[in-house]
Structure formats: structure tokens, C-alpha cells
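Listed here are the chains, written in short residue letters.
Protein chains: 2
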Amino acid sequence: MSDYELDLDDANGLAKVITTIRSSGQISRPKVVRQTGFSRTLATKHIDIALSSGLLYEGELGVSTGGRAPRLLEFNPSAGTLLVAELGASGLSVAISDLAGNLSQVKSFNTEISLGPELVLAEVERAFDTIIAEFKIKNIWGIGIGLPGPVEFAAGIPMSPPIMPGWDRYPVRARFADKYDAPVWVDNDVNLMALGEHATFPGKKSNELIFIKIGSGIGAGILTHGRLHRGAQGCAGDIGHIAISEKTDVICRCGNVGCLESVAGGLALARDALDAITDGKSKFLTLRKKTNKTILAQDVIEGAKSGDKWCVDAINNVGNQVGRILAMLVNFHNPSLIVIGGGVSAAGDQLLASIRETVFRRSLPLATRDLEIRLGSIDDSVGLKGAAEMVISELFEPEFLKQWINSGHPTRLHSHQK
Amino acid sequence: MSDYELDLDDANGLAKVITTIRSSGQISRPKVVRQTGFSRTLATKHIDIALSSGLLYEGELGVSTGGRAPRLLEFNPSAGTLLVAELGASGLSVAISDLAGNLSQVKSFNTEISLGPELVLAEVERAFDTIIAEFKIKNIWGIGIGLPGPVEFAAGIPMSPPIMPGWDRYPVRARFADKYDAPVWVDNDVNLMALGEHATFPGKKSNELIFIKIGSGIGAGILTHGRLHRGAQGCAGDIGHIAISEKTDVICRCGNVGCLESVAGGLALARDALDAITDGKSKFLTLRKKTNKTILAQDVIEGAKSGDKWCVDAINNVGNQVGRILAMLVNFHNPSLIVIGGGVSAAGDQLLASIRETVFRRSLPLATRDLEIRLGSIDDSVGLKGAAEMVISELFEPEFLKQWINSGHPTRLHSHQK
Numbered sequence: 001m002s003d004y005e006l007d008l009d010d011a012n013g014l015a016k017v018i019t020t021i022r023s024s025g026q027i028s029r030p031k032v033v034r035q036t037g038f039s040r041t042l043a044t045k046h047i048d049i050a051l052s053s054g055l056l057y058e059g060e061l062g063v064s065t066g067g068r069a070p071r072l073l074e075f076n077p078s079a080g081t082l083l084v085a086e087l088g089a090s091g092l093s094v095a096i097s098d099l100a101g102n103l104s105q106v107k108s109f110n111t112e113i114s115l116g117p118e119l120v121l122a123e124v125e126r127a128f129d130t131i132i133a134e135f136k137i138k139n140i141w142g143i144g145i146g147l148p149g150p151v152e153f154a155a156g157i158p159m160s161p162p163i164m165p166g167w168d169r170y171p172v173r174a175r176f177a178d179k180y181d182a183p184v185w186v187d188n189d190v191n192l193m194a195l196g197e198h199a200t201f202p203g204k205k206s207n208e209l210i211f212i213k214i215g216s217g218i219g220a221g222i223l224t225h226g227r228l229h230r231g232a233q234g235c236a237g238d239i240g241h242i243a244i245s246e247k248t249d250v251i252c253r254c255g256n257v258g259c260l261e262s263v264a265g266g267l268a269l270a271r272d273a274l275d276a277i278t279d280g281k282s283k284f285l286t287l288r289k290k291t292n293k294t295i296l297a298q299d300v301i302e303g304a305k306s307g308d309k310w311c312v313d314a315i316n317n318v319g320n321q322v323g324r325i326l327a328m329l330v331n332f333h334n335p336s337l338i339v340i341g342g343g344v345s346a347a348g349d350q351l352l353a354s355i356r357e358t359v360f361r362r363s364l365p366l367a368t369r370d371l372e373i374r375l376g377s378i379d380d381s382v383g384l385k386g387a388a389e390m391v392i393s394e395l396f397e398p399e400f401l402k403q404w405i406n407s408g409h410p411t412r413l414h415s416h417q418k
Numbered sequence: 001m002s003d004y005e006l007d008l009d010d011a012n013g014l015a016k017v018i019t020t021i022r023s024s025g026q027i028s029r030p031k032v033v034r035q036t037g038f039s040r041t042l043a044t045k046h047i048d049i050a051l052s053s054g055l056l057y058e059g060e061l062g063v064s065t066g067g068r069a070p071r072l073l074e075f076n077p078s079a080g081t082l083l084v085a086e087l088g089a090s091g092l093s094v095a096i097s098d099l100a101g102n103l104s105q106v107k108s109f110n111t112e113i114s115l116g117p118e119l120v121l122a123e124v125e126r127a128f129d130t131i132i133a134e135f136k137i138k139n140i141w142g143i144g145i146g147l148p149g150p151v152e153f154a155a156g157i158p159m160s161p162p163i164m165p166g167w168d169r170y171p172v173r174a175r176f177a178d179k180y181d182a183p184v185w186v187d188n189d190v191n192l193m194a195l196g197e198h199a200t201f202p203g204k205k206s207n208e209l210i211f212i213k214i215g216s217g218i219g220a221g222i223l224t225h226g227r228l229h230r231g232a233q234g235c236a237g238d239i240g241h242i243a244i245s246e247k248t249d250v251i252c253r254c255g256n257v258g259c260l261e262s263v264a265g266g267l268a269l270a271r272d273a274l275d276a277i278t279d280g281k282s283k284f285l286t287l288r289k290k291t292n293k294t295i296l297a298q299d300v301i302e303g304a305k306s307g308d309k310w311c312v313d314a315i316n317n318v319g320n321q322v323g324r325i326l327a328m329l330v331n332f333h334n335p336s337l338i339v340i341g342g343g344v345s346a347a348g349d350q351l352l353a354s355i356r357e358t359v360f361r362r363s364l365p366l367a368t369r370d371l372e373i374r375l376g377s378i379d380d381s382v383g384l385k386g387a388a389e390m391v392i393s394e395l396f397e398p399e400f401l402k403q404w405i406n407s408g409h410p411t412r413l414h415s416h417q418k
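Keeping their order, the protein sequence lines are chains A and B. In this text, residue positions in the first sequence follow the numbering used here: the first is 1, and each later residue adds one. In this text, residue positions in the second sequence follow the numbering used here: the first is 1, and each later residue adds one.
Hint data in this document are derived by calculation from the structure and do not stem from the laboratory. Wrong hints could be hidden among the right ones.
The list treats identical chains as one, so a pair stands whether inside a single copy or across any two.
[To be verified] Calculated lysine to any residue pairs in the SDA-like style (CA-CA distance at most 20 Å, straight line):
| no. | residue 1 | residue 2 |
| --- | --- | --- |
| 1 | Lys293 | Gly203 |
| 2 | Lys45 | Arg126 |
| 3 | Lys136 | Asn256 |
| 4 | Lys31 | Glu5 |
| 5 | Lys31 | Leu8 |
| 6 | Lys281 | Glu125 |
| 7 | Lys45 | Asp9 |
| 8 | Lys204 | Glu399 |
| 9 | Lys45 | Glu372 |
| 10 | Lys107 | Asp279 |
| 11 | Lys281 | Ile244 |
| 12 | Lys205 | Glu152 |
Predicted model only: the values in this text are computed from it and were never measured.
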């Protein structure tokens, strides 16, 4: 048990003290008093709680102002360890992170999300267990999981995910909380990639961000004032099933007709590529199919890079379709930065050019005055980085901090989430 | 000059104390200490500043706990008076408000925004001056202005407004700040109507709000966590010029083709109504034109209510087109409440039904699970109410509060805004 009985206002103050020290590197106690605006007594109380929770340490000697030189305070990123995992349609990655979001032990495995939660999550646990055993990790303060479909964030469960049979309402949070006795947060992979991009390129511009993932499907992650906009049900950004075309007879995997991802996602690219081969429209793809037997979106991207006309047109079409939706979202949301990620973004500058052209032609001049559109980080672990950012920001939310400090340790906290 | 020299942290604390007291009705000093988490010394300092600024008064006697009964603290909504104005395409309204957002002296006048800023703003000033003289108002603490076009909020100037010739970059803020020696905030009318709807129906549901105004044109105001989302350039919500149709040959007043408002706004309704009369498709409108000489959107709405088939179809078409865009925005933004306002919303339940039908058919099930779509307040002064809400929330922003308290009075503050 803890020595403390914080109320929410105490926790607000404690969170402010910790945030001040986290963003300062090293800082003296009088400076904490000045920067928080708290009384010396109040600041000292919060600092003492943070010290005894292991969140701070007293490091180097500061400048003496007469008497004994004071020790400077510093945030301790090694106080706790985070486990993070990102699940995709056909693979998963895991890593550990410190409390500053520094990843290590990044490992990737092939799997199929369609095998269902029991098998796939057992693989995640096996990967976590291997790292825990190897590095004798004892202080697991939180777990962050990214899933390739809609998640009810507050509950930590997937909701009617279209490509994940058997996952609907599966208690992902409860499973990991029970096994590791730690608080667990679950979100969709696109939101976490948006957080990861924001952490990779911090600053004012990336605080108003729309991140677009063009993979097998298409989704968006939205940041407002530097924080994720999840919306009322936590499914904001689910743009893959926006109806973009009335003419098409293509049925989307969601069952509707004319959805954005059914005409511009990676699966659509591969499907159209097979038609192009049948119709004899692409030499590059015909050769590739002979060699590899199958055709993937990746082949169309390589064809476009080698100058195959059908492939070039196909990538431009993806850019135009995504650009049309983005132009609407630019008028509606007025972001300052759009980042394009996901597997199809490997098409690079050609894709970027066609997206830019459509967005700037179709959006209002005022909304695009300072708008930057660029490709995402080439770092594969941007989603894992985002998962760590998610856990860190949730750990230091005052409501959570209160329960954690009062109960003595974040590992004890998972029960309140269920 | 003021006796105070607050830094931003002091102002944060002061804002917290004022907010605590504003939302409490009457409150004792020990309760302020408890609810803010501040030390007694710090809370007393902030309370003293607020008292000497006239923002609080000490009212009724509280319950004695032994000694002398303490006086309870109360927010003083009459400390300052706000002037608010809302300009439309063909009319303007003005009012005064107290610091709790209670409007009085609401007055409306006919005018034409196309007469340009000098003439129209002179009318606003004349209306303000009449109220000021009649009620001997001396304590003008802030002015809020709504304009029917894009506004750069930080600068308080209209930006390339499509229906406002002569208004582009006109210094609206500076003009009113100079004349009334008060801080001035300017925003577009749709954002202010969204704030007004939020103030009329406060609560969790209206914190994630998309307000749609269907007037001559079409625009949206977006609330996230109960605050306006203005976007990077302050032009978020400008959905009237989203390209909705590729087939149409209708040229929008913005110069592009197929914009939402060119097929579904009030001007579009009136234009199509004239064609219907020429083609002999509506008995109701033909009769109406004979009587009134002109045809307005209002006539189509009345025709629909009287059962004229062409008018019914026209209103349904507006609902379907607006519903198509809203369905996209629901997938993207995941709001919990959509409110339909503006002149065309007088079409009532019929319009609402066709919007609902389209939104619920085309949005993802998760995003519409708890989504409420309803008609806006029938109160004409909802935009004025929003203008007052805007000024009140800006007055109590810590950055602003700091300068105001340090300089002694909000009237002295307009110079920093220019």
C-alpha cells in the first residue's frame, strides 16, 4: 500500500510538477516552484511523492547560492518499462520502451490476423515473455497494443473489425492486464502511427496533423493541439469506407459499393493489376506474375518506378482518389500537416505529387496557405513508437496518476479499467 | 495602472480560481482552496486580485464553524458589459451581454453586406452607440463580431470572403478596438452559431458537435471537447465548397464547379425554383411568383410544407446532398451530435428525415451508434449568444487575463492585439 491519499486536484498538481521536470532535463527546486506557480510547500509535497514513486531522481549538484549546493531534479525514464506491440494484417512487431519513448528489442514476426485472437495474442505474449526473461524485466508499468481495425479506446476492445474474424469485442485489454498485472491501452494502428509521426517530428506544425495510412486498406489518424482526436466512439479517422464513386460496381470488403479503399487501397491495386495482366496492358506485371506466380500492390509500385505506363497510371489514380477525399478533409478540418504512410506510400514522390496536385486544386486557398503534405517516416517502428507515446501520456493523466499513486504502483491498476 | 505584476503561471492560477467560483454559484474560501488544490496563501492571493478587479463579490454569510461567519464568494456577471454583433448577407443584429452570457437589447436591422465594410460597420456602431447612450454603459469589457465569411481569428480580419466585396483583410478588430477602447474578437457566423448551440444545450453530448448552417451558402462549426476547432488557419468547417458532383455544369459563386452549396444551398434552391416555374413543374411556385414577383428559398420550403411535389423533392435533394457530405464527416470526425441550422432548416422534419436517412445509410455503424442529429435552436439570437460565449472564454484565457490584470482593465488591452 501507498502512504498517499491523493484527490484529483492533488493529482493535477503532481502531473504538472512531473511534466515540468520531464520537459526541463535538469531543474532546481526553486525553478519548479517558479514554473508551476505553486507554493514552495505544495511543490515540495509533489516532488517528494514523485521521488518516492521513483519517477524522479536527484542528480548533479546545482549552483550554490551561498549555502550547500542543491541537487538538481531529473525525470527518471528508467523507473518503469513499457511493453508495446503492433499487429498488422499479416505480421506483428513487439518492443520494450522506457518512459521517454525510447524503443529497444524491436522484433517482427509473420502471422495472420485472421487466425483469430487466441492464436495471434499468444504469439504476442510469447514474444513479450522472451524479452522479459532475457532482460529480467520486473517493472512493467504499462502495455500498449495497436490493432488493424476499429477499437473502442475506453474499453480496450476491437469493435466490428472488418478484416479480423473472431476479434469483435474480444477482451484484449483484460487478457494482457491479467497476465502481466499492468495497465493496458489498445488503439487502432493508424492512430498509433499518427502519434509516432508526431513524436518523430515534434513541433507546432505537427500538432494539427492528419496522418493517412494507405496499406491494404485506408485509414486516418487525426491530431488536434498535439493530441489524438478519437471522436465520440473512438472511431474518428475511419475514412476507408467513405463513398467516393457512384459509378463503380466494385463491392468493398465491408459490403458497400464505391468505398475509398475499394478503389484506392493496396488490395484494389493488386486486384486491378490482375485485370491489367489479363487484358495485356502491362508488360512489367505480366513478367512479374510469371516469375512470382502472384501479384501484390508492391509489384505495381515497382512497375511505376521502372516506368511501366499502366503502373504509373494506377499509382496516379490512387493519389487522385486519396487526394479528392483529403481535399474535403482539408476544407473541413484545416490541418497544417498531412503525412502519407502505409505500404503503398513506398510509391514515394510520384504518389505524393498526385495527392498534392489534387488537394491543392480542390481545397480552398486559405486552407492550403501553409499546408505541408509529405511522406511518412521510413522507420518501420513508427507504430510501436506511437504505442509507447500512448501509454506514457495515459500514465500521466491526472485521473490515472491519482489511482496509481494511491495504490502504490501502476501494476495494481488494471482492475479499475475492466 | 494596476498593483499587480502577474506572470503566466499566476494567471493560470487566477483563471483556475475564477473558473472554480464561476461554476459554483456561491462558495466559501476553504472550498476554493480544496477544489483548486492550491495553498491557502496562494488561493487568498488569487481571490484578492479577482475581488479588486471586480470579478467577484463577497455575498451572503456562510455557515459559521465557531467564530465569525465567513462571507461566501460569488462571480459577478455584471462586472463588465459585452457588445456583440452578427452580420448576415442581408441583415445585422446587435445586443449587449453580461459576463454570464445573458443577452439583452437584441435589435435587428436590414442591410446588405455587399455595401462594404465602411457603410455596414458604421451601422453596427450606430446601433451600439444607441444602446450605450440609452443605458449609460461605461464598462465595455469586450466586443464580439460574427461575419458571414472566412475570418483569420488570430488577427480579427475577414479573409477572401466570397460574398463580401471590399471586405478582404479589412481591419474589423482594429476599427472597433480604436472606437470603443476594448478588446475585440471576430469569427465567422457559423462558428458563433455552433458556440451558441453549445451554450443553449450544454452537456457531454454537445461537446463533440458538428453544427451545419444551410443558409444562402453552407458552412460548419466544429466543437471538440466543448471547444471550437478552428484549424491551422482558422478556416475549419468551410464545407460549402467541397466538390460533391462531377456531373453538374453549375458554376458556384466561388468560380469552381459542383460545390456543395451550389447544388444544396438556399441560393441553389431559389435558382432551381425559377427553372421549375419556367418548365411548368410546380403549381405552388408559379402562383407564388405571380403574387410576389420573386422567388426565394423560403417559398420552396413553404411549397414543400403545403405538399407541392417539386418542392418536396427539392428539399429531399438538399437533405441527401448535405447528408452525403455529413456521412463522410461522421466517418472522419465521429461526432456525438449534429445540429442543422440556418434559414433552410426552417424546412424542419422533412429536411431532417432526408439528412438522417442518408447519414445513417452511408456512415459506419460504430460511428452512428449514439449519434444524434437534430434541428437547431429556433432562437434567432443563437449567433449573438455564441459571440458572447466567445468573448467570455477569451477574456478568461490565462494569457489574456495576465495582460488585463497587469494593465488594470480589459479596455486597455486592444493595443496588444494589432
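Now for the hints, and whether the structure bears them out:
no. : hint            : verdict
1   : Lys293 / Gly203 : neither (46 Å within a copy, 58 Å between copies)
2   : Lys45 / Arg126  : neither (42 Å within a copy, 57 Å between copies)
3   : Lys136 / Asn256 : neither (49 Å within a copy, 64 Å between copies)
4   : Lys31 / Glu5    : between (26 Å within a copy, 18 Å between copies)
5   : Lys31 / Leu8    : between (24 Å within a copy, 14 Å between copies)
6   : Lys281 / Glu125 : neither (46 Å within a copy, 69 Å between copies)
7   : Lys45 / Asp9    : both (13 Å within a copy, 18 Å between copies)
8   : Lys204 / Glu399 : between (27 Å within a copy, 18 Å between copies)
9   : Lys45 / Glu372  : neither (45 Å within a copy, 46 Å between copies)
10  : Lys107 / Asp279 : neither (41 Å within a copy, 70 Å between copies)
11  : Lys281 / Ile244 : neither (25 Å within a copy, 32 Å between copies)
12  : Lys205 / Glu152 : between (28 Å within a copy, 17 Å between copies)
The structure shown violates the earlier hints numbered 1, 2, 3, 6, 9, 10, 11.
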